[in-house]
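K.L.:
Each chain is listed here by its residues.
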Amino acid sequence: MHGYFGRALVVDVTDGSTTALPLGEDVLRAHLGGAGLGAWLTTELAPPGVDPLAPENPLSFVFSPLVGTPLTTSAKFAVVAKSPLTGLLTDALASSHFAIAGKFTGYDALVITGRAERPTHVFITDEDVTLTDASGEWGMSAADAEAAVRERSGRRWRVAAIGPAGEAEVRYATISHDGRHAGRGGLGAVLGSKNVKSVAVSGRKRVTLADKDGVLALAKDLRQRSFGPATEKYRELGTLANLLAFNAISTLPTRNFQTATFEGAALLSTEELASSRSVAKNSCASCSIGCEHIYAGKDGKKSRVEYENVFALGPLCGVSDADDVLAASARCDELGLDTISAGGTIAWAMECAERGLIDAPWLRFGDGPALLRALDEIGSRTGLGALLAEGSRRAAEQVGQGSAGFAAHVKGMEMPGYEPRTLQSMALGLAVNARGADHNRSGAYEADLSGDRDRLAGTADHVRAAIATEDRAAVIDSMILCKFLRGVFTDPYVEWADLLSRVTGWDITGTELQETARRIVLAKRAFNLREGWTPDDDWLPDRFLDTPLTLPSGRTATLPAARLRDMIDTYYEERRLDAQGRPLLVATGTETTP
Amino acid sequence: MGTAKAALEWHGSTLLRHVTGVVQRAVDGPVFVVRAPGQELPELDREIIVCDDPREGMGPMQGLAVGLRAAAEHAARPDVAFVCSTDLPFLHTAFVRAVLAGFGSDPGAEPEVDAVLPIVRGFRQPLTAGYRTALAPLVEELLGKGQLRPAHLLAECRVRVLDEDALLADRALAAVDPELEAVVNVNEPADYEAARRRPEPEVIVERYGVLATRGGGRGPRVVRAATIGHAADLVGLAFDGHILAAVNGDQIRSDGTLPLQAGDTVAFISADAGG
Numbered sequence: 009m010h011g012y013f014g015r016a017l018v019v020d021v022t023d024g025s026t027t028a029l030p031l032g033e034d035v036l037r038a039h040l041g042g043a044g045l046g047a048w049l050t051t052e053l054a055p056p057g058v059d060p061l062a063p064e065n066p067l068s069f070v071f072s073p074l075v076g077t078p079l080t081t082s083a084k085f086a087v088v089a090k091s092p093l094t095g096l097l098t099d100a101l102a103s104s105h106f107a108i109a110g111k112f113t114g115y116d117a118l119v120i121t122g123r124a125e126r127p128t129h130v131f132i133t134d135e136d137v138t139l140t141d142a143s144g145e146w147g148m149s150a151a152d153a154e155a156a157v158r159e160r161s162g163r164r165w166r167v168a169a170i171g172p173a174g175e176a177e178v179r180y181a182t183i184s185h186d187g188r189h190a191g192r193g194g195l196g197a198v199l200g201s202k203n204v205k206s207v208a209v210s211g212r213k214r215v216t217l218a219d220k221d222g223v224l225a226l227a228k229d230l231r232q233r234s235f236g237p238a239t240e241k242y243r244e245l246g247t248l249a250n251l252l253a254f255n256a257i258s259t260l261p262t263r264n265f266q267t268a269t270f271e272g273a274a275l276l277s278t279e280e281l282a283s284s285r286s287v288a289k290n291s292c293a294s295c296s297i298g299c300e301h302i303y304a305g306k307d308g309k310k311s312r313v314e315y316e317n318v319f320a321l322g323p324l325c326g327v328s329d330a331d332d333v334l335a336a337s338a339r340c341d342e343l344g345l346d347t348i349s350a351g352g353t354i355a356w357a358m359e360c361a362e363r364g365l366i367d368a369p370w371l372r373f374g375d376g377p378a379l380l381r382a383l384d385e386i387g388s389r390t391g392l393g394a395l396l397a398e399g400s401r402r403a404a405e406q407v408g409q410g411s412a413g414f415a416a417h418v419k420g421m422e423m424p425g426y427e428p429r430t431l432q433s434m435a436l437g438l439a440v441n442a443r444g445a446d447h448n449r450s451g452a453y454e455a456d457l458s459g460d461r462d463r464l465a466g467t468a469d470h471v472r473a474a475i476a477t478e479d480r481a482a483v484i485d486s487m488i489l490c491k492f493l494r495g496v497f498t499d500p501y502v503e504w505a506d507l508l509s510r511v512t513g514w515d516i517t518g519t520e521l522q523e524t525a526r527r528i529v530l531a532k533r534a535f536n537l538r539e540g541w542t543p544d545d546d547w548l549p550d551r552f553l554d555t556p557l558t559l560p561s562g563r564t565a566t567l568p569a570a571r572l573r574d575m576i577d578t579y580y581e582e583r584r585l586d587a588q589g590r591p592l593l594v595a596t597g598t599e600t601t602p
Numbered sequence: 063m064g065t066a067k068a069a070l071e072w073h074g075s076t077l078l079r080h081v082t083g084v085v086q087r088a089v090d091g092p093v094f095v096v097r098a099p100g101q102e103l104p105e106l107d108r109e110i111i112v113c114d115d116p117r118e119g120m121g122p123m124q125g126l127a128v129g130l131r132a133a134a135e136h137a138a139r140p141d142v143a144f145v146c147s148t149d150l151p152f153l154h155t156a157f158v159r160a161v162l163a164g165f166g167s168d169p170g171a172e173p174e175v176d177a178v179l180p181i182v183r184g185f186r187q188p189l190t191a192g193y194r195t196a197l198a199p200l201v202e203e204l205l206g207k208g209q210l211r212p213a214h215l216l217a218e219c220r221v222r223v224l225d226e227d228a229l230l231a232d233r234a235l236a237a238v239d240p241e242l243e244a245v246v247n248v249n250e251p252a253d254y255e256a257a258r259r260r261p262e263p264e265v266i267v268e269r270y271g272v273l274a275t276r277g278g279g280r281g282p283r284v285v286r287a288a289t290i291g292h293a294a295d296l297v298g299l300a301f302d303g304h305i306l307a308a309v310n311g312d313q314i315r316s317d318g319t320l321p322l323q324a325g326d327t328v329a330f331i332s333a334d335a336g337g
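The listed protein sequences correspond, in order, to chains A and B.
Taking the working numbering, the leading residue of the first sequence gets 9, the next gets one more, and so forth.
Taking the working numbering, the leading residue of the second sequence gets 63, the next gets one more, and so forth.
Careful: at least some of the hints might be erroneous.
[Said to hold, decoys possible] Heads up, incomplete: computed chain A residues facing chain B, CB under 8 Å, no partners named:
id, residue
1, Pro237
2, Lys241
3, Leu245
4, Ala253
5, Ala256
6, Ile257
7, Glu454
8, Gly459
9, Thr578
Hints were generated in silico from the structure; no laboratory data involved.
A virtual CB, placed ideally from N, CA and C, is assigned to each residue, including glycine.
Construct all of the structure, not just a fragment, from the sequences and the given hints.
P.N.:
Listed below in structure tokens is the structure:
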């Protein structure tokens, strides 16, 4: 077997026992790695109906066949589990040396299950697994805990850790390594529920490559292409370059999606911040793009700035003070909070407070210090934070009074910075995606922003375009490569099949890979169905269906419920699901679901 | 004119491309072009639907019949349509919207009138007017009787007249076209030459992301450009597929021949916008 070790390691932190789980070629070829293999592992290992925060809920660090190769952006891993935020499958990707060191332990995935008696670090090498006391690091930020472990145990260790929010089981807590975050879906809370502060990896095992020279040649070519115009935006300015552009096209969600333009956008733009607060540019491990743009606020704290964290902590909360937004972003990193869900939940609470639905007169749109206070309370589950740590869906269920109608989430996951009324392919993508409201598993905004279709309409053509982006994401998140490379491929499936073939020795074709994409998408849906998903979960909040947006052109953007229904029905039909959105027959590897 | 009006050059594009582009920007539904038998048309936006007029020499009423029937069949909101000729170099989206607003503001309500007829400088303007698509059978009936003038149709239906005061009560229209030049047509070569000599509309250009930092400069810039492509040229951008544009925050455009109007703001963004 090339590119894989053909096994996963299951570590039960209750007693430190381990089990090697064989992974056959059929399973690996069908699910590749990363998000795809993670879906299979979770389906196999999670007891049906398991509480996401119960010891029995497995959490998997999943590598891929490309990890450890010289292919640019391949040092990525997926963290996969049943989510405490959505109650459904979630996978979160991160890029760092953890991926390489983790795979060098000799496993294609590391699965953590059980619950330790006390705060614990899990050390995994290619020879053994050791659990050590983490009481000294409990309460630290992920970065501090990572540094402490490496200081004490040696710099060969790569350490993925949780912050205080994960320890407090905030339902959108992150897992971090080297400043990179497996951000969405609350996987940090899953690790925290197991009393695991960190997972440290180190190893010397190497996989073989079926065609080493071929891989090297492709790596050289891909690296060269990664310097081209398709990645210029990421290299030069980073994803924050979206902010002003989205504002110009009424796609920048503002004040809890009440409007789609923000009067303070220029103050938060990369064009502004790059000249005044940029302190560094970095690359992930094994990456030639270098998209990381590090900014410092007036307090000197540095933060890796992306469009999503600035959108969520800035316009979405009505905050235009760049220092407040940078401080809030840094605070999320310290606490270990997903910035999108944190900003989304707080924005919902701000609207509740302004409507008098919750007793929090201090919490107002545009108030930066209030935003920081809310983050602190969430991280410690104190005060209003006890409510907000549950995420906007659960919080709205508690508050009632119609607040669910403006809780901007899908399946419990707060919405990213893409206004669905003015991006209607994306509206469909957000509604039906297995992970919930998400821009990485459905990149349907690409279809809306292509200029090829009316972004204010939603037709069968929009649905097909959304499906195409969902399929591409399924493969790229399973191989795994960085999505910022997607623009350099002219014939993606064929080129990806070539990459995989040279690594694994399998005669994979582009057509097979397209089938693999569909299989992975449906496998996630099948898992969700098993865990209680209902057709009502494929939907958008009332706000988007009831309230029109007026564009500067004078046109009105509406998304009537009937149109969304038509798009979802078309999606089910195109995906060959039944009328209720259920997979008719999904082979997940070992079982067939309804 | 000595040449087909549709193909007349208009600031690097054609008059027909310009007029259809203006209408396209003003309405939610599709835009139809009705051509005479055998008529060759200049290049149009791919969204434009071309309909064939089966009979020649019947005048604008025949085109009206074909266009209204097509609109009734295809359009998202099939109850009303804006109808115009191709020789209107100064047609403005605000004018189109003002005429269509004459049917009432509730798109779900039954229109109280069958046609909205502007009267400008004392002249009725049936070829810059609004019609209910349900009029198609009546138009065909009148054609069958040899009644070939729009006046015959207007005599048979409920008409809301919009005189200059009524039109300019629309603040958006009054701001951009106070002289109501939207109805000025070009019938003679001299008309066309005079229209062509006018300066291109003044528009504001914004560049974002690497388009601003890549030597282009930040902040708004005022230029005179009749099309997106020309506006891009003027700020040093190659509108070559790697760049897209949105006019007044509306649709994302990749077609450099899309017409611009005075007061427009054009946002140029990278084609890879998004996460």
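K.L.:
Confirm or reject each hint.
P.N.:
Here is how each hint holds up against the structure:
Interface restraint check for Pro237 (chain A): the shortest CB-CB distance to chain B comes to about 6 Å, inside 8 Å, so the restraint holds. Residue-level restraint check for Lys241 (chain A) holds (minimum Cβ-Cβ distance to chain B is 5 Å; threshold 8 Å). Using the Cβ-Cβ criterion of 8 Å, the hint placing Leu245 (chain A) at the interface with chain B is satisfied: the shortest such distance is roughly 6 Å. Here the hint on Ala253 (chain A) is kept, as its CB sits about 4 Å from the closest CB of chain B, short of 8 Å.
A distance limit of 8 Å between C-beta atoms decides the matter here; for Ala256 (chain A) the minimum to chain B is near 4 Å, and the interface restraint holds. At a threshold of 8 Å, the smallest CB-CB gap from Ile257 (chain A) to chain B is about 5 Å, leaving the interface hint in force. The beta carbon of Glu454 (chain A) is positioned within 8 Å of a beta carbon in chain B (closest approach about 6 Å), and the interface hint is therefore held. Satisfaction of the interface hint for Gly459 (chain A) is found here, the shortest Cβ-Cβ separation to chain B being roughly 4 Å, below the 8 Å cut-off.
At a threshold of 8 Å, the smallest CB-CB gap from Thr578 (chain A) to chain B is about 17 Å, leaving the interface hint violated.
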